[in-house]
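Asker: Residue numbers (the working numbering), protein chains in the order written: chain A, 35 to 256; chain B, 35 to 256; chain C, 35 to 256; chain D, 35 to 256.
Hint data in this document are derived by calculation from the structure and do not stem from the laboratory. Take the hints with a grain of salt, since some may be wrong.
Covered by chain C, according to a simulated footprint, are these stretches of chain D (three or more residues, beta-carbon under 8 Å) [unchecked claim]: (1) 152–165; (2) 204–214; (3) 227–239.
All C-beta atoms, glycine included, are put in the ideal place defined by N, C-alpha and C.
4 protein chains.
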Amino acid sequence: MTPDFSELKSLYPDFEHLPSGQQRILASALDLFASKGFASTSTGSIAKCAGVAEGLIFKHFRSKKELLLRLARPLVLEIFFPMAIQSLQKLLERQYTHLPDLLETLIKERLAFARSHHRLLRLLTQEACLHPELTEAVQERFDQLMRPMLEKQFAYFCRTGAIRPMRFETFLRLVITSTMGLVISRELLFPDANWNDESEIRETVKFLAQGLAPETVPDATA
Amino acid sequence: MTPDFSELKSLYPDFEHLPSGQQRILASALDLFASKGFASTSTGSIAKCAGVAEGLIFKHFRSKKELLLRLARPLVLEIFFPMAIQSLQKLLERQYTHLPDLLETLIKERLAFARSHHRLLRLLTQEACLHPELTEAVQERFDQLMRPMLEKQFAYFCRTGAIRPMRFETFLRLVITSTMGLVISRELLFPDANWNDESEIRETVKFLAQGLAPETVPDATA
Amino acid sequence: MTPDFSELKSLYPDFEHLPSGQQRILASALDLFASKGFASTSTGSIAKCAGVAEGLIFKHFRSKKELLLRLARPLVLEIFFPMAIQSLQKLLERQYTHLPDLLETLIKERLAFARSHHRLLRLLTQEACLHPELTEAVQERFDQLMRPMLEKQFAYFCRTGAIRPMRFETFLRLVITSTMGLVISRELLFPDANWNDESEIRETVKFLAQGLAPETVPDATA
Amino acid sequence: MTPDFSELKSLYPDFEHLPSGQQRILASALDLFASKGFASTSTGSIAKCAGVAEGLIFKHFRSKKELLLRLARPLVLEIFFPMAIQSLQKLLERQYTHLPDLLETLIKERLAFARSHHRLLRLLTQEACLHPELTEAVQERFDQLMRPMLEKQFAYFCRTGAIRPMRFETFLRLVITSTMGLVISRELLFPDANWNDESEIRETVKFLAQGLAPETVPDATA
DNA sequence: CATGAATGAGATTTCATTCAT
DNA sequence: AATGAATGAAATCTCATTCAT
Chain A
35 MTPDFSELKS LYPDFEHLPS GQQRILASAL DLFASKGFAS TSTGSIAKCA GVAEGLIFKH
95 FRSKKELLLR LARPLVLEIF FPMAIQSLQK LLERQYTHLP DLLETLIKER LAFARSHHRL
155 LRLLTQEACL HPELTEAVQE RFDQLMRPML EKQFAYFCRT GAIRPMRFET FLRLVITSTM
215 GLVISRELLF PDANWNDESE IRETVKFLAQ GLAPETVPDA TA
Chain B
35 MTPDFSELKS LYPDFEHLPS GQQRILASAL DLFASKGFAS TSTGSIAKCA GVAEGLIFKH
95 FRSKKELLLR LARPLVLEIF FPMAIQSLQK LLERQYTHLP DLLETLIKER LAFARSHHRL
155 LRLLTQEACL HPELTEAVQE RFDQLMRPML EKQFAYFCRT GAIRPMRFET FLRLVITSTM
215 GLVISRELLF PDANWNDESE IRETVKFLAQ GLAPETVPDA TA
Chain C
35 MTPDFSELKS LYPDFEHLPS GQQRILASAL DLFASKGFAS TSTGSIAKCA GVAEGLIFKH
95 FRSKKELLLR LARPLVLEIF FPMAIQSLQK LLERQYTHLP DLLETLIKER LAFARSHHRL
155 LRLLTQEACL HPELTEAVQE RFDQLMRPML EKQFAYFCRT GAIRPMRFET FLRLVITSTM
215 GLVISRELLF PDANWNDESE IRETVKFLAQ GLAPETVPDA TA
Chain D
35 MTPDFSELKS LYPDFEHLPS GQQRILASAL DLFASKGFAS TSTGSIAKCA GVAEGLIFKH
95 FRSKKELLLR LARPLVLEIF FPMAIQSLQK LLERQYTHLP DLLETLIKER LAFARSHHRL
155 LRLLTQEACL HPELTEAVQE RFDQLMRPML EKQFAYFCRT GAIRPMRFET FLRLVITSTM
215 GLVISRELLF PDANWNDESE IRETVKFLAQ GLAPETVPDA TA
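With the hints as extra help, turn the sequences into a complete structure.
Answerer: Right, here's the structure in full:
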C-alpha cells in the first residue's frame, strides 16, 4: 500500500522537488498500473495507495489518461530513450572490432536497465499497444538517433565478415529479439527461477555472434 | 459489429452445438477482448456486438471474468496446446538428422498457427500476466508432454555435434525466443510491413542453427 | 438444497396428487421464503432448490407473488384457520367451567400447531405486514367464526367471576399476547434453549388465570 | 418523499455534524426500510427520496447491507439499549416496594419509547431475524447490564411475596411478552384503532401484577 | 409436464471527475 | 496544495418473466 519511490527518483531529474502529493500519486500510479494494468486501476485505489484525497489527482493531472501519459511518456521519450542512447552511444562510438564485445555490452546494459526499471518495463509492455500515444514518438526517434549508429556498426561488421550478408531489418530483429528475450525471461516471466546470469549472458552472446556469422560452418549437422 | 466465428469453429470441437447466443457471445468477446483488452471491454459492448441481451451473458457465464476464462483457458489448454503438440509430435517423431530441417518445420508450423489464431494470440499476450489462471496449467503440461520430446531431440543433436554443450533450459529459451520473436514481429507488431516470409524464415533458421552450433568458427570477428 | 415436504403434505389435502414439479416448487418456496424472506428469494434459487427449470414455476404460477399467495393463503385461510377453529370449537363447545382448563387446552393446542408448522409460522410473521393479501380475510373470518365463541366463553367466565370486568378486546389482547408470546419464544426466538415445556405451560396458564381474575388480592405487594 | 430527521436527531448524538448527504441518506433509508422492508427498498429509491446521487450512498456506505447495519446497529446497541437502560436504571435504582408501580413505570416508559421510535421499531421487528448481525450483541449486553438489575428486583419481590416462586426466565418472558404485546398491538398492529391508553395500561399492569402473584386466590374459578 | 434459451427492466456498484472549502 | 463531499454516467450483475421446443 505504501508506494515505492526509488524508480521514479532515478528517472525524474527533479522528482524530489515535486509537491509531496504529486510524488505519492506518481509512485502509486506506477505501482498499480504496472501490477494490475491501467484500465483496472481506479483513481480511487491510486489515491488510497498514495494516502491522498482522490480529488488531488485531478488537481495535478487533468484526467486519469493524462496521469498515465505524464507518468510514462517522459520516461519513455526523455529518460528511457536518452539513457539507452547515452549508454549505447558510448558503446557504439568506439567502433567495436570484436562483435561479441559489442553484443555483450549491449545485453548487459539492457539487462541492468530492465532490472532497475522493472515496473516501468512491465507498464510499457502491457499498455503500449492499447495506448499508442505512449510510444508513438519512439519509432521516429529511434530512426533519427539510433538507427544510423547501428547501421554504421552493422556495415562495419558486414565488411569485416563478422556478420553475413542480410537485410539490416533482419539483423535488427534478430538482435532485439534475442536481447529482449533474455531480458523478459529474466525480469518479467521467471524472475524467481535461479538464474546464472553470467553464464546466460555468455551463451546468448555466443549464440548471437555465431548466429549472425557467415556460413563458415560447411554443414551444421555434420 | 458482427463477430467472426471462424477462429472458434476451428478451435472448439463442438462449438456449433452450443446455443446460438453463447456462440455469438464467445465470438464477440474474443473479438473485443483481443482488440481493446479485457478490462476496457464492457459486457454491454459484447452484448451489442453479439446482438443479444446483456443478461444472457450472465446466464451462460457467471461473471465477465468467467467469460474470459471459459473463452480462453480451454483454447489454451485443450486446443492450442494439443494442436501444437500434435503437429510437433509428427514433427519430432521422426528423429531429424538435420537440425535446420527441424528448426524450419518448427518455425513454419508456429507461424502458420499464429496466423490462423491471430486474435487468440493477441488476447493471450495481453491478458496472460494479469490473469495467471489463464496459463497456470501450461507449464505443467509443457513439462509433461513437450519437454521430454524436445529433450530427446536436444540430446540427439548434442551427440551429433549440431548443438554445442549448453543447459537444456538455455537451449529452450534461445529457440523459443527466436521463434516467438519472429511470430510476434510478423503477426502482432508489424503485420502491415512488407515481409518476405520465405527469406525471413530462412535467415532465422540459419541464425538459430549457427547460433546453437559448437564454436567451430575459430574467431567470429576474424 | 432438497426441500422438505412434510409440512405441506400435512396441510394440503391433495398435495401428493400434484405434479411432482409443482410439489417440489411449493416445498422449496416454503423453505426459502421462510428462511430468507420473500423479497430476497429469487425464482432462480427456488428452481435450483427444487431441481426444476425456472420456467416451470411460471407454468404453474403466473408470478412469484402468486406463488406466495397460492402457497400461503390457503394455508392461512383454508387449513390453518379451520384447523384452529376445529380444535378450538371442540374446545369451546363444551362450556368450560374451570378457566385454567380452557387456557391450558388453548395454549397446548397452539403450541403443538406451531411446532408442526414451523416454517409456515415464520413465513407468516415475516411477510404478513408486507403482503396484506395474505391475511386480509383473517380478521373477517375471525369475527364470524371465533369471536362469537370466545365472547360466549368470556361472558360466561365474567359471570362466574373467574374474569374481572374488562373490555372484551383487552381480554383478547392479553390472552393472545401471552399465548403467542410463549409460542414465539419457544418456536422462533429460542428454539434451542432447554425448555421445560410442562412447567412453562403450567406457569403461563396460572399467570393468565390469575391475571384475568378479579382483584381478590387486596394488595399485591402485601 | 422528503425524509423525516426527527428520529435520527434524537438517537444519534452527532447526527447533525454528519455531512448533509449522509444525513439525508440515513433518514431516507430508515423511512423506506421501515415501510417497505430492506430487500424491497432499492438504493435508487433511497437516493431519490434523499435527493442525492445514487453513487453517494456507496461513498459513505460500502454496500446497501452496510447502510442497514450502520443505520440500525448503533441505534440498537448504543442508543436504544442505553436509553432503555438509563430510564430503567432510574426506574430500578429506587427499590420499588409496590410491584404495580414498577410495572406501570416500565410499561409507560416502553410505550413512550416505542411511540417516538416508531420506524426503528418496525425496522427491527421486520429485519432482526433476517439479519442476525443487527441484534447479535444484544443478548450479551442484556445479560451484562439489565439482567442483574432485574434479578435484584425479582428477588426482592419474591421475598416480599409479591411474586410467587418461579424461574427468573419465566418471569422475564411473561413480563416482556405482556409489555411488548401491548407495545406492538398499540404501535404496529392497530395504531389506528381508538385506544384508551390509560385504561389499557392500567389493565395490563393489573394483569401482570396479579398474574405473577402467589396463588392467594383459593380457586380462580370460584 | 417440463426444459432451457432468451429477454429487458432494474438493481447494485464503480468510477472518473467537479467543486466548495 | 490539499481535502472530501457530491455527481452522473456507465459498468456489472440480478431477476421475474416469456417462449419455442
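Asker: Are there three or more residues in the region 204–214 of chain D whose C-beta lies closer than 8 Å to some C-beta of chain C?
Answerer: Per the Cβ count (7), the hint holds.
Asker: Closer than 8 Å, Cβ to Cβ, for at least three residues: run that test on the region 227–239 of chain D against chain C and report holds or violated.
Answerer: holds (count 4)
Asker: Check whether three or more residues of the region 152–165 of chain D sit with their beta carbon closer than 8 Å to a beta carbon of chain C.
Answerer: holds (count 3)
This entry satisfies every hint, going by the numbered hints stated previously.
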